[in-house]
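Asks: Sequential numbering from 58 applies to the sequence shown in this note's numbering.
The hints are simulated quantities; they were obtained by calculation from the structure and are not laboratory data. A few of these clues could be false.
As the list claims (entries may be wrong) - For lysine to any residue, the following SDA-like pairs were computed, each having C-alpha atoms within a straight-line distance of at most 25 angstroms:
no., residue 1, residue 2
1, LYS105, ALA63
2, LYS93, LEU180
3, LYS62, ASP176
4, LYS129, LYS215
5, LYS93, ALA67
6, LYS129, SER106
7, LYS215, LEU180
8, LYS171, ALA244
9, LYS62, ALA244
As the list claims (entries may be wrong) - Okay, the calculated beta carbon distance ranges per label pair:
no., residue 1, residue 2, range
10, THR199, GLY333, 31 to 37 angstroms
11, LEU175, GLU331, 38 to 44 angstroms
12, PRO188, GLU270, 38 to 44 angstroms
13, SER89, LYS273, 47 to 53 angstroms
14, VAL184, ASP269, 37 to 43 angstroms
15, VAL326, VAL184, 43 to 49 angstroms
16, ASN311, GLN121, 26 to 32 angstroms
17, LYS105, GLU71, 51 to 57 angstroms
18, ASP162, THR199, 19 to 25 angstroms
19, ASP110, THR193, 44 to 50 angstroms
20, GLN121, GLU331, 35 to 41 angstroms
Just so it is clear, CB atoms sit at the ideal spot from N, CA and C, and this is done for glycine as well.
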Amino acid sequence: MSREKALVDAAWVEANRNDPKVVLVEVDEDVSAYDKGHIPAAVRLDWKSELQDPIIRDFVNKEQFEKLLSGKGIANDDIVVLYGGNNNWFAAYAYWYFSLYGHADVRLLDGGRKKWELDGRELTAEVTPRPATTYTAKEPRTDIRAFREEVVAAIGEKALVDVRSPDEFSGKLLAPAHLPQEQSQRAGHIPTAKNIPWAKTANEDGTFRSNDELTKLYDEAGVDLSRDIIAYCRIGERSAHTWFALHELLDLPNVKNYDGSWTEYGSLVGVPIEKGA
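Between the sequences and the hints, there should be enough to build the whole structure, so can you do that?
Replies: Okay, here's the thing in structure tokens:
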């Protein structure tokens, strides 16, 4: 992938949003944001109730994903443009889902909702339904998703990137400060991991930093970009944003997202954990 294929800007969206084969999809941490106003004709995806399995801790399976996208009116040959608030935090998470199930053309709106609003562009509360489709997903990819056994084996062998806040990395907090401090049994980080908070990849307006700036960011943090890389956070959404920066923008083929992340790793029995910066 490359920056030119993975990102579109607001001008591109304005020029193409009436194309029936272009589907705008909003994904926000705050799922009520869509109701308050969204880009005209955009579809909503609820990351928690629609992308997560309702019973087991996992993302929706292939059949569930097919049913979801069919009901949203998304076809296999549609260009899906994802966007959301907070620097595309959960939009990047959804992008990773679409990539897992092999959607042919999925992109992010650079800057997401923040940049769109800063530019004073149109928002509407009107919902524009799309006719149902029959979506067919591919089997989930294994080359962009890491599991716990691989993560434990990667300690000291691969580049581990912890994209949480410094306080989470050090073990002072279990979760972002605005969230309940729960879900994992232990605090800290995976040994040998480098801490590069996910939001450092974005500019003030929510757009991604240039490839040169991204490369410098990881180089200065001591991440060897030639090695296999595994990114993690607390539940896999912030690390999906970093996965996007590394895999899609910098076009590094050897990057995986560990969506089990600290919620899983911090509750495993007997695995190594470190605290402190």
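Asks: Could you run down the list of hints and mark each one as holding or not?
Replies: Consistency of the hints with the structure:
About 24 angstroms separates the Cα atoms of LYS105 and ALA63, which keeps this hinted pair within 25 angstroms; it holds. This hinted pair checks out: LYS93 and LEU180 have alpha carbons roughly 9 angstroms apart, not beyond 25 angstroms. For the hint pairing LYS62 with ASP176, the CA-to-CA distance comes to about 23 angstroms; that is within 25 angstroms, so the pair holds. Proposed proximity of LYS129 and LYS215 is contradicted: the alpha carbons are some 39 angstroms apart, above 25 angstroms.
Our distance criterion of 25 angstroms between C-alpha atoms is met by LYS93 and ALA67, whose separation comes to about 20 angstroms. For the proposed pair LYS129 and SER106, the alpha carbon gap of about 14 angstroms is at most 25 angstroms, so the pair holds. For the hint linking LYS215 to LEU180, the alpha-carbon distance of about 44 angstroms lies beyond 25 angstroms, and the restraint is violated. Between LYS171 and ALA244 the CA atoms are separated by roughly 32 angstroms; this puts the pair beyond 25 angstroms, and the hint is violated.
The suggested pairing of LYS62 with ALA244 is violated, with an alpha-carbon distance near 38 angstroms, which exceeds 25 angstroms. Distance hint check: the CB atoms of THR199 and GLY333 are about 33 angstroms apart, consistent with the given range 31 to 37 angstroms. In this structure the supplied range 38 to 44 angstroms holds for LEU175 paired with GLU331, their Cβ-Cβ distance being about 39 angstroms. The supplied range of 38 to 44 angstroms is met by PRO188 and GLU270, whose beta-carbon atoms lie about 42 angstroms from each other.
Under the hint 47 to 53 angstroms, the C-beta atoms of SER89 and LYS273, about 37 angstroms apart, miss the expected range. A hinted range of 37 to 43 angstroms holds for the C-beta pair VAL184 and ASP269, which are about 41 angstroms apart. Distance hint check: the CB atoms of VAL326 and VAL184 are about 47 angstroms apart, consistent with the given range 43 to 49 angstroms. Distance hint check: the CB atoms of ASN311 and GLN121 are about 29 angstroms apart, consistent with the given range 26 to 32 angstroms.
Between LYS105 and GLU71 the Cβ separation comes to about 30 angstroms, which falls outside the hinted range of 51 to 57 angstroms. Hint check: ASP162 to THR199, Cβ distance near 21 angstroms, so the stated range 19 to 25 angstroms holds. A hinted range of 44 to 50 angstroms for the beta carbons of ASP110 and THR193 is inconsistent with their spacing of about 20 angstroms. Distance hint for GLN121 and GLU331: a CB-CB separation of about 37 angstroms, consistent with the stated range 35 to 41 angstroms.
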